[in-house]
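Per this note's numbering, the sequence shown runs over residues 38 to 602.
Any given hint could turn out to be false.
[Unchecked claim] Result set (DSS-like, lysine-lysine): computed pairs, CA atoms no more than 25 Å apart in a straight line: (1) Lys235 x Lys591; (2) Lys122 x Lys235; (3) Lys552 x Lys536; (4) Lys250 x Lys221; (5) Lys250 x Lys536; (6) Lys415 x Lys221; (7) Lys235 x Lys522; (8) Lys341 x Lys45.
[What the hints assert, rightly or not] Computed spacing ranges between beta-carbons, pair by pair: (9) Ala594 x Ser518: 49 to 59 Å; (10) Gln244 x Val119: 53 to 63 Å; (11) Lys536 x Asp231: 21 to 31 Å; (12) Phe153 x Asp442: 44 to 54 Å; (13) Trp434 x Ser518: 13 to 23 Å.
Derived from the structure by calculation, the hints contain no laboratory data. All values derive from a computational prediction rather than experimental measurement. Yeah, the Cβ is synthetic: ideal placement off N, Cα and C, and Gly gets one too.
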Amino acid sequence: MIPKILLKESIVAPPGFNRWRVPPASIAIHLCIGSVYAWSIFNPALIRELGVVGASASDWSLSSVVWIFSVAIVFLGLAAAVAGKWLERVGPRCVGVTAAILWGGGFLIGSAGVAFHQLWLIYLGYGMLGGCGLGLGYVSPVSTLIRWFPDRRGLATGLAIMGFGGGAMIGAPVKEALLKTFFKAPDYVGAAADLSMKTEQGKRFVQMDGDWKEAVVATQADIAKLPVTNLQEGVYLVGTGNTGAAGTFLTLGLVYFAVMMVAAFSYRVPEEGWRPRGWSPPSGNDSNKGMITSGNVDMDQALKTPQFYFMWVVLCFNVTAGIGVIGVAKTMMNEIFGTTLPSVVNGAFAATYVTMISVFNMLGRIIWASASDYIGRKNTYHCFFVFGTLLYLSIPWTAGQVSADPTVTWLVMFYAATMIIFTMYGGGFATIPAYLADIFGMRFVGAIHGRLLTAWSTAGVLGPLAITYLRQASVEDSIRSLATKVEDTAFIQAFGAGKDQIESLMAANTVSVSKLMEIVPEGTIDPTPGLYNTTMYAMAALLVIAFFANLAIKPVASHHQIKED
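With the sequences and hints as input, model every part of the structure.
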């Protein structure tokens, strides 16, 4: 039994209500759930939770933790699809409260998973429950604001979804600050050259008081990536420190729950038949305004139209191209420019980069969505796919140039290209609900939008799968190639084992490209900047396919529309 205070009938706005009082609640909820875009801030901490200063053999791999983000996006789409009809029935307040419980509670369960080093708990809490909270929190304001702003649908959806893009803008620095606050350095043993060490099955051990204890050897490059600056390179004991991730999860869960509850209780819906003063609905299909229809298509009937599936492909491939990059944004920046421009691209620079992704993501949502009111939704998506394809193709070229000529010019070009990409990525999310309202009408846009978000779920798998698989394959190939250039004695001295154990050393995170680059012959080109080239080509190809899907979208045939009495 749902309390009456949460139902739609209890939140109908009185006559004379100012519709501009509704967007702040929508933005607040989306700012909270939008912090999912700053997930990559957690990646470096989670993959060295036990080693802290570096990854130990028992630490989680990047490929295992990056899927947490993917699972959250999958459950976002599933929850949005399933809850569409429920949203239309109970209203945005009830859905918003449920979202607050799931999103905040997911962080708390995730905190326990980090504290006890149980990866499945993070998947359950943040990925599954938190993902459901994401989906409910995402769709709850969209149909509400479209009903409040039928005269400016693009602006309405831009306002509704703007906060989601800005979530990482606030979330990234807050997460960085909390990780630094809760960080606890592991026990320092000493310089590796002064200690007795051995390697067994890829694990490093140091002898202390007659016992062999697992340890990690931190290089200066490893130390530079940490949130604190008072540590030195050398040997540290595994399991004696804390990255701060558990405390950060706990704190954020409590804060997000409180903010989202307040915002959910601020929702109001217009009374039936309400219209802005001086506005009349468009008559017929107005091609000058991007195929805006005056009819309505039922939420179930929409699934029987080709337009729904063309739009599904448009959203899925646009999101796939962006989401794979966003999920590893900080890692990609470090790997492409951290070795070629180490004096510029450090930990703080990469964190700022994540923040700027959120800034441009947010700006793109309001700018592109508002622009679509004037140039039409279809033309807006054409811009995304044409410009996006060219920009994705420019990234491998830029990475190759910075390897040969490490100057800031290439960093500026990369920065500009990715920021423009993220404006279009965010704009795609903000424009799609208005596109749906144009094609299928406003009556069931919330439910139809929820079902279309299964495209986001699919993209949440495709994007990270492509980028992690292709990156990992490139990393392993690069390690094997670099190892052939290292002298046998230097290799054994650095890793405590011969080249014949290269596979086990890679599996235990003992050997890496950065560590090999310290012992390869002078003049060897660092392969790190090119690890993402193949992925960028694949993403560009997806945008080409999406362009043709968007080209095929036409007005819905009249027999699909509800016959009004």
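Cross-check of the supplied hints:
1. Between the alpha carbons of Lys235 and Lys591 the distance comes to roughly 67 Å, so the proposed pair goes past 25 Å and is violated.
2. For a cut-off of 25 Å, the pair hint linking Lys122 to Lys235 is broken: about 61 Å separates their Cα positions.
3. At roughly 14 Å between alpha-carbon atoms, Lys552 and Lys536 fall within 25 Å of each other, so this suggested pair holds.
4. The suggested pairing of Lys250 with Lys221 holds, with an alpha-carbon distance near 19 Å, which does not exceed 25 Å.
5. Between Lys250 and Lys536 the CA atoms are separated by roughly 24 Å; this keeps the pair inside 25 Å, and the hint holds.
6. In summary, the hint linking Lys415 to Lys221 is not supported, as the alpha carbons are separated by about 52 Å, beyond the 25 Å threshold.
7. Proposed proximity of Lys235 and Lys522 is supported: the alpha carbons are some 23 Å apart, at most 25 Å.
8. With a CA separation close to 29 Å, the supplied pair Lys341 and Lys45 exceeds the 25 Å bound.
9. At roughly 57 Å, the beta-carbon separation of Ala594 and Ser518 lies within the given 49 to 59 Å, and the hint holds.
10. A C-beta distance of roughly 57 Å is found between Gln244 and Val119, which places it inside the suggested range of 53 to 63 Å.
11. At about 26 Å, the beta-carbon gap between Lys536 and Asp231 stays in the expected band of 21 to 31 Å.
12. Separation of Phe153 from Asp442 is about 48 Å and conforms to the stated range, judged on CB atoms against 44 to 54 Å.
13. About 22 Å separates the C-beta atoms of Trp434 and Ser518, a value consistent with the hinted range of 13 to 23 Å.
In terms of the numbered hints stated before, the structure departs from hints 1, 2, 6, 8, listed from lowest to highest.
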